[in-house]
Amino acid sequence: AETSPLWPSLLYGVGTGLPVLLFALVIAFAAQQLGKAFNILTKIELAVRYGSGAIFILIGIYFVLRHNFGLLG
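This note's numbering numbers the first residue of the sequence shown as 1 and each following residue consecutively.
Because the hints were derived from the structure by calculation, they are not lab data.
Fair warning: there could be bad hints in the mix.
Claimed, not checked - Derived Cβ-Cβ restraints for the label pairs, each shown as a range:
(1) Glu45 with Phe23: 25 to 33 Å
(2) Gly73 with Ser52: 17 to 25 Å
(3) Thr3 with Gln32: 38 to 46 Å
(4) Leu21 with Thr42: 30 to 38 Å
(5) Val26 with Phe56: 39 to 47 Å
(6) Ala54 with Ala30: 32 to 40 Å
(7) Lys43 with Val14: 40 to 48 Å
(8) Gly70 with Phe38: 43 to 51 Å
(9) Phe63 with Leu34: 39 to 47 Å
(10) Val48 with Gly13: 49 to 57 Å
(11) Ile59 with Phe23: 49 to 57 Å
(12) Gly70 with Gln33: 52 to 60 Å
(13) Leu21 with Gly60: 57 to 65 Å
(14) Asn39 with Leu6: 43 to 51 Å
Glycine included, every Cβ here is placed at the ideal spot set by N, Cα and C.
Using the sequences plus the hints, can you model the full thing?
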């Protein structure tokens, strides 16, 4: 029985290519998840920015009413 010289080459090719393929799939999935996380963080950042802006405006109004007009204190 003769052994084909194709089998060792084929097994070597599959054996070295499979980890590369799996690594590429992991990177692609991670990039997709990172994109989703970035979109969520962008929405959270916008809400925090508006919230902190509103707090600063309210504190400013409080200080003006208290120190300039003698109210609230």
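Against the structure, the hints come out as follows:
1. Glu45 with Phe23: 25 to 33 Å: holds (32 Å)
2. Gly73 with Ser52: 17 to 25 Å: holds (24 Å)
3. Thr3 with Gln32: 38 to 46 Å: The hinted range 38 to 46 Å holds for Thr3 and Gln32, with Cβ atoms some 44 Å apart.
4. Leu21 with Thr42: 30 to 38 Å: Given range 30 to 38 Å: holds, Cβ gap about 32 Å.
5. Val26 with Phe56: 39 to 47 Å: holds (43 Å)
6. Ala54 with Ala30: 32 to 40 Å: Roughly 36 Å apart at Cβ, these two residues keep to the hinted range, so it holds.
7. Lys43 with Val14: 40 to 48 Å: About 44 Å separates the Cβ atoms of Lys43 and Val14, which means 40 to 48 Å holds.
8. Gly70 with Phe38: 43 to 51 Å: 48 Å Cβ-Cβ, so the 43 to 51 Å window holds.
9. Phe63 with Leu34: 39 to 47 Å: Distance hint for Phe63, Leu34 holds at roughly 42 Å.
10. Val48 with Gly13: 49 to 57 Å: holds (52 Å)
11. Ile59 with Phe23: 49 to 57 Å: Since Ile59 and Phe23 have Cβ atoms about 51 Å apart, the given range 49 to 57 Å holds.
12. Gly70 with Gln33: 52 to 60 Å: holds (56 Å)
13. Leu21 with Gly60: 57 to 65 Å: The hint (57 to 65 Å, Cβ to Cβ) holds, given that Leu21 and Gly60 are roughly 58 Å apart.
14. Asn39 with Leu6: 43 to 51 Å: holds (48 Å)
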